[in-house]
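Student: Okay, here's what each chain looks like letter by letter:
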Amino acid sequence: MSSAADPAVRKIVLVGNPNVGKSVIFRLLTGSYVLVSNFPGTTVEISRGKFEVSGTTYEVVDTPGVGSMVPQSEDERVTCEVLIGERPDLIMQVADAKNLRRTLLVTSQLAEFRIPMVLVLNMMDEAEERGIEIDSRGLSERFGLPVVETVAIYSQGRKQLIQAIQKAAAIESPVSKALSDHPAFPAIISAGVTPALLSVEWLALDDRTLQHGIERRFGPHAVSQMQKRTESYRSERHRSFAKEIAATRNSFIDRAAVEFRKKRNPRYLDQPGVTGSRIWLALLYAGMALLLWNEVGSLSGLPAPCKALYGLIGKHFPPQGTGTIDFVQSILFGAPGPGRYDFGLVYAAAHLLMFIVPVVVPLGFLLKRNRAFVHEIGILTRRPSTGFPILLLVLLLVYEFVGYTGAQTLVGLMENVFFGDYLIPLFSRLAPSGLLGQVLVGKYGLISMGLTYAIAIVLPVVATFFIAFGLMEDSGYLPRLAILSDRLMRIMGLSGKATLPMVLGLGCCTMATITTRILNSRKERLIATLLLALGIPCSAQLGVILGISASFSFATTLAVLGVVFSQLVLVGYLASRLIRGRPGEFIFEIPPIRIPQLRNVMLKTWHRVRWYLKEAVPLFLYGTFALFLLDYLHLEGRSLLGWIERGLEPVLTGILDLPPQAASIFVLGFLRRDYGAAGLYDLVRHGALTAQQTVVSMIVITLFVPCLASFLVIAREHGIRRALAITAFIVPFAISVGGAAGWIMRVLNISLQ
Amino acid sequence: MNSPCPNMIPEKRHLESGTRKLAEEMAEALEALWTMEEGGISSFSEASRQAATELTPQLLESLRRENLIAIDSKGRATFLPEGRVLAERIIRRHRLAERLICDVLGSTVDESEDAACEFEHLLAEGITNSICTLLGHPRYCPHQRPIPEGECCRQAREELKPIVVSSEQLSVGESARVAYLSSGEQGRLLRLSALGITPGATIRLLQKWPSFVFQCDQTEIALELEVARHIYVWQTPQE
Chain A
-18 MSSAADPAVR
-8 KIVLVGNPNV
2 GKSVIFRLLT
12 GSYVLVSNFP
22 GTTVEISRGK
32 FEVSGTTYEV
42 VDTPGVGSMV
52 PQSEDERVTC
62 EVLIGERPDL
72 IMQVADAKNL
82 RRTLLVTSQL
92 AEFRIPMVLV
102 LNMMDEAEER
112 GIEIDSRGLS
122 ERFGLPVVET
132 VAIYSQGRKQ
142 LIQAIQKAAA
152 IESPVSKALS
162 DHPAFPAIIS
172 AGVTPALLSV
182 EWLALDDRTL
192 QHGIERRFGP
202 HAVSQMQKRT
212 ESYRSERHRS
222 FAKEIAATRN
232 SFIDRAAVEF
242 RKKRNPRYLD
252 QPGVTGSRIW
262 LALLYAGMAL
272 LLWNEVGSLS
282 GLPAPCKALY
292 GLIGKHFPPQ
302 GTGTIDFVQS
312 ILFGAPGPGR
322 YDFGLVYAAA
332 HLLMFIVPVV
342 VPLGFLLKRN
352 RAFVHEIGIL
362 TRRPSTGFPI
372 LLLVLLLVYE
382 FVGYTGAQTL
392 VGLMENVFFG
402 DYLIPLFSRL
412 APSGLLGQVL
422 VGKYGLISMG
432 LTYAIAIVLP
442 VVATFFIAFG
452 LMEDSGYLPR
462 LAILSDRLMR
472 IMGLSGKATL
482 PMVLGLGCCT
492 MATITTRILN
502 SRKERLIATL
512 LLALGIPCSA
522 QLGVILGISA
532 SFSFATTLAV
542 LGVVFSQLVL
552 VGYLASRLIR
562 GRPGEFIFEI
572 PPIRIPQLRN
582 VMLKTWHRVR
592 WYLKEAVPLF
602 LYGTFALFLL
612 DYLHLEGRSL
622 LGWIERGLEP
632 VLTGILDLPP
642 QAASIFVLGF
652 LRRDYGAAGL
662 YDLVRHGALT
672 AQQTVVSMIV
682 ITLFVPCLAS
692 FLVIAREHGI
702 RRALAITAFI
712 VPFAISVGGA
722 AGWIMRVLNI
732 SLQ
Chain B
981 MNSPCPNMIP
991 EKRHLESGTR
1001 KLAEEMAEAL
1011 EALWTMEEGG
1021 ISSFSEASRQ
1031 AATELTPQLL
1041 ESLRRENLIA
1051 IDSKGRATFL
1061 PEGRVLAERI
1071 IRRHRLAERL
1081 ICDVLGSTVD
1091 ESEDAACEFE
1101 HLLAEGITNS
1111 ICTLLGHPRY
1121 CPHQRPIPEG
1131 ECCRQAREEL
1141 KPIVVSSEQL
1151 SVGESARVAY
1161 LSSGEQGRLL
1171 RLSALGITPG
1181 ATIRLLQKWP
1191 SFVFQCDQTE
1201 IALELEVARH
1211 IYVWQTPQE
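Those protein sequences? They're chains A and B, same order as listed. If you read the first sequence in our numbering, its first letter stands for residue -18, the second for the next number, and so on. If you read the second sequence in our numbering, its first letter stands for residue 981, the second for the next number, and so on.
With the rest of the complex left out, here is chain A:
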């Protein structure tokens, strides 16, 4: 906003349909990072960046995608507000080259702003592959604006973009032209609002926010004038001008889309078979069979190839004794000790080789080489008969990667070897033995607890999760889950579209809460936010649940996830009954399956990890220090922490049947969910909890309060009253569900071992 006052800076707003690559173009122009994924609704807030060309500074604003400039959801409205409120110098419309009709709908609307425009036809490769040819010169001549063809994901076309920016010119709106003889037209134009026709449509929406936006810019008089004129037209002719505008627009773009687009046969259908595909396909099936065999084998007593391989390694390279710890040896083969696991890199490699590589490598090869296969995968993943088995397979792969490679191997390596055997002993020797030593490496030491939790336990889980998640995001798999889950979501008063924020919630609830903006109704947004706060575990929590289950049994995982899931459905069902309003409608665009760009996935993971380090690690340290103080300060012969433990005793021991040390997990959990999870992990590893108690505490910390950050986001998106109400509901609810689960297990004598 500050730049609006600075005439030297020219402002460019990126606008376009969802999932066409606006953020990629933003990255290409400014070089600054924004999140890019293959599903509509990745960008829900605007981001800004700058670049400079031959002495001129440009500010670029990236906006959420719009189906039409007549907004139907919160994120679309954000884009309209930017255009009304910020008076950009240039609009750069980014478009999916293969969907010309939808592109031109937005073009015809943007033209009414009378701001110089550039049209960027992105994803030319996909259009070409599908046999679509676009007459971009014709388009450019007809509309009088520069048209640029790009494939932005390969960083092509920055030079052309910049040339086009310099050539951009305001264009005449084709719809205004077509309606210039319309009886209502002169009266509407004379109200002095630009865009005139769009404003008629906005006012017809009865959207307060947009109306205020226009009023701020053009004065309340202009708005009431327009309203009066459309109203009088309506009562005279019994017709709605807004609808006539929409109809004119539609007929215009229908004609234009036919005129400027040609279609041949898709190229991938011209050459269906690729040499060697059959072999890779066979390998893929073999890989899936191996995965399933290993999975069944490791969950039961049956023999499996993975066990044979582990046995072979164990026989030839027995783990080093505890006495003489050899660094290389323990990294490669792990080291035995109390509460330790197979975490050596060699075991990890063997595990990857047995579970993940046989499936992922042939899959990647086929996706890369055979377009017909990519097309086929798009169909198979959305059909229920194949879609559900594929979902199971994907979940298994993620479980093996995050739950084993991340939560077992990497956590084991970091916690036991780097921190346990080297860093902490090192700091213990270096640190003075007094109070400072206590602060750093004591029971609640900044290094021995804060950093260990943040870096050794949570970071590996979060990082592996983000890699797996990034691959799923970029492949376009996630939106297909929306198709499969729509019916289930309906029970909870949601639509399949809400699957996206829910799955994103596994990454981080805070971001996911903002993503609920893509939902169409207020009711749906509220329910989705409640469920996110209640029961969607974040990746670290999920990783801990998966990791802990390995030390007990698969049944523990099932018990925890089963209870949490059933509570989500139950609460969702009740909320959908209690919250007034219309349930969301399921109208959702499914993007094509694309091959994830490894570079983008790694970049995305890196930025997310960096974000984690920046946001979470300081909180971990503050929290640890607070715990240290609570433990250090004494009141009437008892530490403050002791008092808290005693205060929580009726709940902890009385209702939940947990040992008093568990109090610290809940204190940590208030600060950040993953922090609480790391604390739990630590307790379990030191054998402080039985299987039953573990299940109970995992249920409670999963359902427990939203962490501080997500509480603040809920307050921002829905108001402080709703945020407090949600918290006030969740805390007693979580404790009663945990208590009930524990009670049932005790009464039925379920040991879960």
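None of these hints come from the bench; they were simulated from the model. Every residue, glycine too, gets a C-beta built ideally from N, C-alpha and C. Honestly, I wouldn't trust all of these hints.
Stated by the list, open to error - Computed footprint of chain B on chain A, listed as stretches where at least three residues anywhere in the stretch have a Cβ under 8 Å from a Cβ of chain B: (1) 49 to 58; (2) 218 to 231; (3) 360 to 368; (4) 560 to 571.
Position chain B relative to chain A; hints supplied.
Tutor: Frame of chain A; chain B shown alone:
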């Protein structure tokens, strides 16, 4: 709401005994009673409060005399067979007219209400059926109230394929051109048309369960049944 039309000419055959004025009022009363019955209201006092014109005791009495309705001791009215048939036809004409005006002529739901009142008295039984066929035998009026079935609907189900069908009736893999979107809700129309589903667009049904998936141009769009049901398409004739 379905308020009765002041200037409706009912089927005269049944109402020859009355004057023209009376006939109009009686038709109006029948329509009101039908709407009340749908809404689960059965007492006169309530019905007359909600109807545009008063359901006067005289008017009801004349309906009863015509053997169209029966009135019990508590003042509740029930249709007699003849009255039900007559009311059903009136309602059918009215709601089909609304559908026609709303979908084909593109007026708003409220506008279609007024216009339907003027329009419906032009409709003879034969024309009513033609319009019903043209619209693909719609099941609901723009206010989402059911349209009574006509002979043409029953026939169409048995023998002929209607020209326009709801897209839920397409089979997987079939392509069709969109005829109209029957939902009166503006938001839904805008969302669909932003994705390319507008009258004239060609859509192909890719999947029906658990959600509907259509291909429209180069976009795949997932819809719930409730939305797909309201998309009416011209079915391409099949051999």
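Student: For a quick check of understanding: which of the numbered hints are violated here, in increasing order?
Tutor: Result: no hint breaks.
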